[in-house]
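Peer 1: Residue numbers (the working numbering), protein chains in the order written: chain A, 1 to 390; chain B, 1 to 390.
If you are wondering where the hints come from, they were derived from the structure by calculation, not from laboratory data.
None of the values given here were measured: they were computed from a predicted structure.
A few of these clues could be false.
Same chains, same names: a pair is fine if it fits in one copy or spans any two.
[What the hints assert, rightly or not] Subject to a maximum C-alpha distance of 20 Å in a straight line, what follows is the list of computed EDC-like cross-link-like pairs (lysine to aspartate or glutamate):
{"no.": "1", "residue 1": "341", "residue 2": "112"}
{"no.": "2", "residue 1": "238", "residue 2": "386"}
{"no.": "3", "residue 1": "136", "residue 2": "107"}
{"no.": "4", "residue 1": "238", "residue 2": "268"}
{"no.": "5", "residue 1": "341", "residue 2": "244"}
{"no.": "6", "residue 1": "238", "residue 2": "104"}
{"no.": "7", "residue 1": "136", "residue 2": "317"}
{"no.": "8", "residue 1": "283", "residue 2": "386"}
{"no.": "9", "residue 1": "283", "residue 2": "125"}
{"no.": "10", "residue 1": "238", "residue 2": "300"}
{"no.": "11", "residue 1": "224", "residue 2": "184"}
{"no.": "12", "residue 1": "137", "residue 2": "49"}
{"no.": "13", "residue 1": "224", "residue 2": "107"}
{"no.": "14", "residue 1": "224", "residue 2": "302"}
{"no.": "15", "residue 1": "341", "residue 2": "40"}
{"no.": "16", "residue 1": "224", "residue 2": "104"}
{"no.": "17", "residue 1": "61", "residue 2": "104"}
{"no.": "18", "residue 1": "238", "residue 2": "218"}
{"no.": "19", "residue 1": "224", "residue 2": "126"}
{"no.": "20", "residue 1": "61", "residue 2": "127"}
{"no.": "21", "residue 1": "136", "residue 2": "112"}
{"no.": "22", "residue 1": "283", "residue 2": "119"}
{"no.": "23", "residue 1": "136", "residue 2": "314"}
{"no.": "24", "residue 1": "136", "residue 2": "49"}
{"no.": "25", "residue 1": "61", "residue 2": "184"}
{"no.": "26", "residue 1": "224", "residue 2": "314"}
There are 2 protein chains.
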Amino acid sequence: MTSIPTAVSPPSRILLGPGPSDVPASVRAALGAPTIGHLDPYFLSVMDEVSAMLRTVLGTKNRLTFPVSGTGSAGMEACLVNVVEPGDRVLVPQNGAFGARLAEIAERAGAEVTRVPGEWGRAMDEDVMARAAAGKKYKVVCAVHGETSTGVLQDLAPMRRLADRLGALLLVDAVTTTGGVAVDMDAAGVDVLYSGTQKCLSCPPGLSPVSFSPRAEDVMASRKSRVQSWYLDVSLIKSYWGTDRVYHHTAPINMTYALHEALRLVLEEGLAGRIRRHAVNAKALGEGLAALGLSLRVPEGERLPPLTTVAVPEGVDDAATRRALLDGYGIEIGGGLGPFKGNTWRFGLMGAGSTRRNVLVCLAALAATLRGRHAGKAGDAIAAAEAAWE
Amino acid sequence: MTSIPTAVSPPSRILLGPGPSDVPASVRAALGAPTIGHLDPYFLSVMDEVSAMLRTVLGTKNRLTFPVSGTGSAGMEACLVNVVEPGDRVLVPQNGAFGARLAEIAERAGAEVTRVPGEWGRAMDEDVMARAAAGKKYKVVCAVHGETSTGVLQDLAPMRRLADRLGALLLVDAVTTTGGVAVDMDAAGVDVLYSGTQKCLSCPPGLSPVSFSPRAEDVMASRKSRVQSWYLDVSLIKSYWGTDRVYHHTAPINMTYALHEALRLVLEEGLAGRIRRHAVNAKALGEGLAALGLSLRVPEGERLPPLTTVAVPEGVDDAATRRALLDGYGIEIGGGLGPFKGNTWRFGLMGAGSTRRNVLVCLAALAATLRGRHAGKAGDAIAAAEAAWE
Numbered sequence: 001m002t003s004i005p006t007a008v009s010p011p012s013r014i015l016l017g018p019g020p021s022d023v024p025a026s027v028r029a030a031l032g033a034p035t036i037g038h039l040d041p042y043f044l045s046v047m048d049e050v051s052a053m054l055r056t057v058l059g060t061k062n063r064l065t066f067p068v069s070g071t072g073s074a075g076m077e078a079c080l081v082n083v084v085e086p087g088d089r090v091l092v093p094q095n096g097a098f099g100a101r102l103a104e105i106a107e108r109a110g111a112e113v114t115r116v117p118g119e120w121g122r123a124m125d126e127d128v129m130a131r132a133a134a135g136k137k138y139k140v141v142c143a144v145h146g147e148t149s150t151g152v153l154q155d156l157a158p159m160r161r162l163a164d165r166l167g168a169l170l171l172v173d174a175v176t177t178t179g180g181v182a183v184d185m186d187a188a189g190v191d192v193l194y195s196g197t198q199k200c201l202s203c204p205p206g207l208s209p210v211s212f213s214p215r216a217e218d219v220m221a222s223r224k225s226r227v228q229s230w231y232l233d234v235s236l237i238k239s240y241w242g243t244d245r246v247y248h249h250t251a252p253i254n255m256t257y258a259l260h261e262a263l264r265l266v267l268e269e270g271l272a273g274r275i276r277r278h279a280v281n282a283k284a285l286g287e288g289l290a291a292l293g294l295s296l297r298v299p300e301g302e303r304l305p306p307l308t309t310v311a312v313p314e315g316v317d318d319a320a321t322r323r324a325l326l327d328g329y330g331i332e333i334g335g336g337l338g339p340f341k342g343n344t345w346r347f348g349l350m351g352a353g354s355t356r357r358n359v360l361v362c363l364a365a366l367a368a369t370l371r372g373r374h375a376g377k378a379g380d381a382i383a384a385a386e387a388a389w390e
Numbered sequence: 001m002t003s004i005p006t007a008v009s010p011p012s013r014i015l016l017g018p019g020p021s022d023v024p025a026s027v028r029a030a031l032g033a034p035t036i037g038h039l040d041p042y043f044l045s046v047m048d049e050v051s052a053m054l055r056t057v058l059g060t061k062n063r064l065t066f067p068v069s070g071t072g073s074a075g076m077e078a079c080l081v082n083v084v085e086p087g088d089r090v091l092v093p094q095n096g097a098f099g100a101r102l103a104e105i106a107e108r109a110g111a112e113v114t115r116v117p118g119e120w121g122r123a124m125d126e127d128v129m130a131r132a133a134a135g136k137k138y139k140v141v142c143a144v145h146g147e148t149s150t151g152v153l154q155d156l157a158p159m160r161r162l163a164d165r166l167g168a169l170l171l172v173d174a175v176t177t178t179g180g181v182a183v184d185m186d187a188a189g190v191d192v193l194y195s196g197t198q199k200c201l202s203c204p205p206g207l208s209p210v211s212f213s214p215r216a217e218d219v220m221a222s223r224k225s226r227v228q229s230w231y232l233d234v235s236l237i238k239s240y241w242g243t244d245r246v247y248h249h250t251a252p253i254n255m256t257y258a259l260h261e262a263l264r265l266v267l268e269e270g271l272a273g274r275i276r277r278h279a280v281n282a283k284a285l286g287e288g289l290a291a292l293g294l295s296l297r298v299p300e301g302e303r304l305p306p307l308t309t310v311a312v313p314e315g316v317d318d319a320a321t322r323r324a325l326l327d328g329y330g331i332e333i334g335g336g337l338g339p340f341k342g343n344t345w346r347f348g349l350m351g352a353g354s355t356r357r358n359v360l361v362c363l364a365a366l367a368a369t370l371r372g373r374h375a376g377k378a379g380d381a382i383a384a385a386e387a388a389w390e
């Protein structure tokens, strides 16, 4: 190359999209702490604390609870390839982009996948899932707790009942719910779970917390075939995260520091209060968006507090509006995926980003950007948000 | 959990083991910069600059040059699973731990693997490799440019000749050589390469730069089967790192900042000067260790400058000595793996860690820790290092 680029200096942003979310200063400081060895006794103690805090945040006693060294999709793949063997039946909801991804990865692991049709923007129904299963035995029932592509919160109780009827493990995507919505893994009977760091934990992307129940451990222990991925093979990774400390791969030291600090902040705030904060601010944002004249994509009762979706109003340019918010106000919101591409906006209030100030600035900037019939409603939107907080 | 852990505060260390290496302040500062979105125009420009700088450092014009979102082993797996299909023949040297890992991963990808026996601590011989191939056609010949488990530098020229004779792609592990030893990917005729960030680039672990030649691209484009890993499927990832910018998975934003800064530092120093620095300091360390009465594991001419290996002297406790260096002086060195476990020490002088000061403090601390017949030789060791620099 002809010249050396200048040093990284990111522009000022407020991240109100589907993730990453804004990262608190103390998490960024932890991220930038001096790197030490992956077998250093101090680092091993950090790992133990990360696992312990993850258990608390996920609501589980599972021994096998640790972050996979990759982003949320690596965690998704780790969960599937470790419990699925070629020919196993896997039941997967298709009401969003992450259900589609689960099906794709399960197929690549050799599973016989049943894709259960679903409506984008709606939760899955137990009976629809059961009919698709057609009375056969299944190895895994998948559920997407928070569908980041649609803004839907999936009730896990009916999925657990269904898994019981099918003799299956319940595998759950908790990427967007962990730290912002009650997950309660053990109480909900979840066997296999993966999450992400860059949503309601407000840690940069790069790690994917996972957890396996004793029942899932039994399934993995009785595999007939090797796990197709060496990097994601839990039977090997657990020797490093467990008491043996056998080298598998070099852990992402600094990202582990950052996750440690992010989890500490969750516990300092208190999980219950943090979940309430996400719910209250999402409610205020939803009321405000409605008062602006926008139509919410998800019916009340199925909404995912960390992520609110609305239809792009007729006659409004999706990409140009998002670009104007970014360039004019440094505010990032998300566009749609799949059938929602070009017609849906995704507003994230996740982790440190779920604040009253962000609700107000988001509503004000959106009103100013949309102008026309929406601009005059800025006052209504602010008032609606204020009313929701009262 | 009963109490909230205290914030991360790593102890002071000098990292002189097999990696991670010490991370410069500006790289840590970049790592801690504010997180922004993975589709933010600014972040896309950072990605482009990272790819361009990687091409310069690796010595390649390959379009497909980018960091995989995982550590070096994820890069290894990405390289293998994208070019190998079930039944393909893969030739793999077995003169160290990373050759063993390559064979294991290639097998899990369905390859018919030929493991070529090799001696730990020695480079692979072209004729030995050729005999093992037994005149058959191969899809891939693997070479480990820098064997981090043994401290051996593999000459790539004979491996390229062999690959030509076998009609194979040449796939190279450059984890420990990138940024510290000349890689010259295109000149060496390497088709597929993976690296790591935490060795001679002095960036924390968490990303694995990879590069694919046009010939490797052709092989991937003509696959008959899907890549078994969705997360590591280059046909999907390239749509994000290329001009399409199609969302695949959320990129590890902050780690990408850090890699950007680490690559900038390489270019600011100048690649040729940096490689010379690694060579000169390794020579001084090797002379000093020999003067201390330690026996180097690898014959001259096959030594890997970033990593020097010695036999643990008879009667000396391996683990206790390493622990004494860590506790007494904050110095990390590495123990051995596989057949080298318990009988070998690994000294890394990588990236920012390859300094005259580190050579001297390492020799002095080792002499003080070993005591007995070695302690009296501290002066000789320092003198030998000084002589090497003259």
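Peer 1: All hints, please: hold or fail.
Peer 2: Hint check results:
1. 341 - 112: For residue 341 and residue 112, the Cα distance exceeds 20 Å both inside one copy (29 Å) and across copies (43 Å).
2. 238 - 386: neither (48 Å within a copy, 45 Å between copies)
3. 136 - 107: For residue 136 and residue 107, only the intra-copy Cα distance (18 Å) is at most 20 Å; the inter-copy one is 33 Å.
4. 238 - 268: neither (28 Å within a copy, 41 Å between copies)
5. 341 - 244: between (47 Å within a copy, 15 Å between copies)
6. 238 - 104: between (26 Å within a copy, 18 Å between copies)
7. 136 - 317: Neither way: residue 136 and residue 317 sit 47 Å apart in one copy and 59 Å across, limit 20 Å.
8. 283 - 386: For residue 283 and residue 386, the Cα distance is within 20 Å only inside one copy (10 Å; across copies 69 Å).
9. 283 - 125: neither (24 Å within a copy, 68 Å between copies)
10. 238 - 300: For residue 238 and residue 300, neither the intra-copy (41 Å) nor the inter-copy (39 Å) Cα distance is at most 20 Å.
11. 224 - 184: neither (31 Å within a copy, 43 Å between copies)
12. 137 - 49: neither (38 Å within a copy, 51 Å between copies)
13. 224 - 107: both (18 Å within a copy, 16 Å between copies)
14. 224 - 302: neither (40 Å within a copy, 42 Å between copies)
15. 341 - 40: between (47 Å within a copy, 17 Å between copies)
16. 224 - 104: Answer is between: at 17 Å across copies they meet the 20 Å cutoff, but 22 Å inside does not.
17. 61 - 104: Cα proximity of residue 61 and residue 104: none, with 30 Å in one copy and 33 Å across.
18. 238 - 218: For residue 238 and residue 218, only the intra-copy Cα distance (14 Å) is at most 20 Å; the inter-copy one is 37 Å.
19. 224 - 126: neither (31 Å within a copy, 38 Å between copies)
20. 61 - 127: neither (31 Å within a copy, 55 Å between copies)
21. 136 - 112: For residue 136 and residue 112, the Cα distance is within 20 Å only inside one copy (12 Å; across copies 36 Å).
22. 283 - 119: For residue 283 and residue 119, neither the intra-copy (23 Å) nor the inter-copy (66 Å) Cα distance is at most 20 Å.
23. 136 - 314: Answer is neither: 45 Å inside a copy and 64 Å across each miss the 20 Å cutoff.
24. 136 - 49: Neither. Shortest intra-copy (42 Å) and inter-copy (52 Å) distances fail the 20 Å Cα cut-off.
25. 61 - 184: within (10 Å within a copy, 50 Å between copies)
26. 224 - 314: neither (55 Å within a copy, 44 Å between copies)
Going down the numbered hints, you'll see the structure goes against 1, 2, 4, 7, 9, 10, 11, 12, 14, 17, 19, 20, 22, 23, 24 and 26, while the others check out.
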